[in-house]
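> Sequence:
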Amino acid sequence: MSSLSSEIVIASHNPGKVREIRELLQPLGVQVLSATEAGVTEEPEETGTTFAENAIIKAEEVMRATGKPCLSDDSGFAVSALHGAPGIYSARWAGADKNFQAAMAKVHQEWERTASQDKTATFHCVLALAMPNQPTQTFAGEISGTICWPPRGKNGFGYDPMFIPDGHHQTFAEMEPAAKHAMNHRARAFAALLQYLRGNTCENARR
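Mind the numbering: the sequence shown is residues 10 to 216 in the numbering used here, read in order.
By construction, these hints were calculated from the structure, which means they are not laboratory data.
Just so you know, nobody snuck in bad clues.
The calculated BS3-like cross-link candidates involving lysine-lysine, where the alpha carbons are at most 30 Å apart (straight line), are:
id	residue 1	residue 2
1	K26	K107
2	K26	K128
3	K163	K107
4	K163	K26
5	K26	K115
6	K115	K163
7	K128	K107
8	K26	K77
9	K128	K115
10	K77	K107
11	K128	K163
On a predicted model such as this, the values are computed, not experimentally measured, just so you know.
Make a model of the complete structure from these sequences and hints.
Following this line, the structure appears as structure tokens:
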């Protein structure tokens with residue numbers, strides 16, 4: 010864990026995402042900086058075609074800009090009836106102003122147009138850890154559930170208000186943050202990351 014140093018930069022300008030990642034990184038006892046706090050004002054262009062590719066692009070670009078270890082998260086909401094959309098474009102569906110109310114409405118409208126009864130959906134997360142002079146590592150996690158309409162709950166962020174994880178009756182946005190963090194897609198990816206940082210072999214490491 011010493012190779013991680015005492016600081017890590019999160020390659021994100023999304024306050025909700027940075028807050029959640031900061032909480033998940035607490036066990037490491039390192040100082041967590043957002044990209045903004047580290048002096049990176051522009052978001053890297055996500056030109057990848059997968060969550061992993063985009064996570065790597067963001068982590069490596071911010072690592073080069075700061076010279077510090079960098080962790081990026083590329084995550085998205087995939088609706089089965091929409092053939093996995095919005096997927097890697099989940100943030101883009103919210104537009105430049107990050108209007109996720111509009112993004113959720115678009116998901117609902119597109120789902121209604123399919124005339125499908127299939128409400129299954131999956132949250133995906135891929136973390137990329139880029140450290141100077143070391144290979145970038147990736148760690149994946151996902152969680153399945155169903156979409157609901159109208160959105161419910163005030164906690165969380167993004168598409169949380171319209172997603173009910175399997176085995177539960179509340180949306181992510183209705184759950185207490187601690188309950189969501191213990192089970193969601195990001196938590197599952199972080200479990201693999203923490204295992205790697207504690208010296209264990211991670212099968213998802215980028216070769």
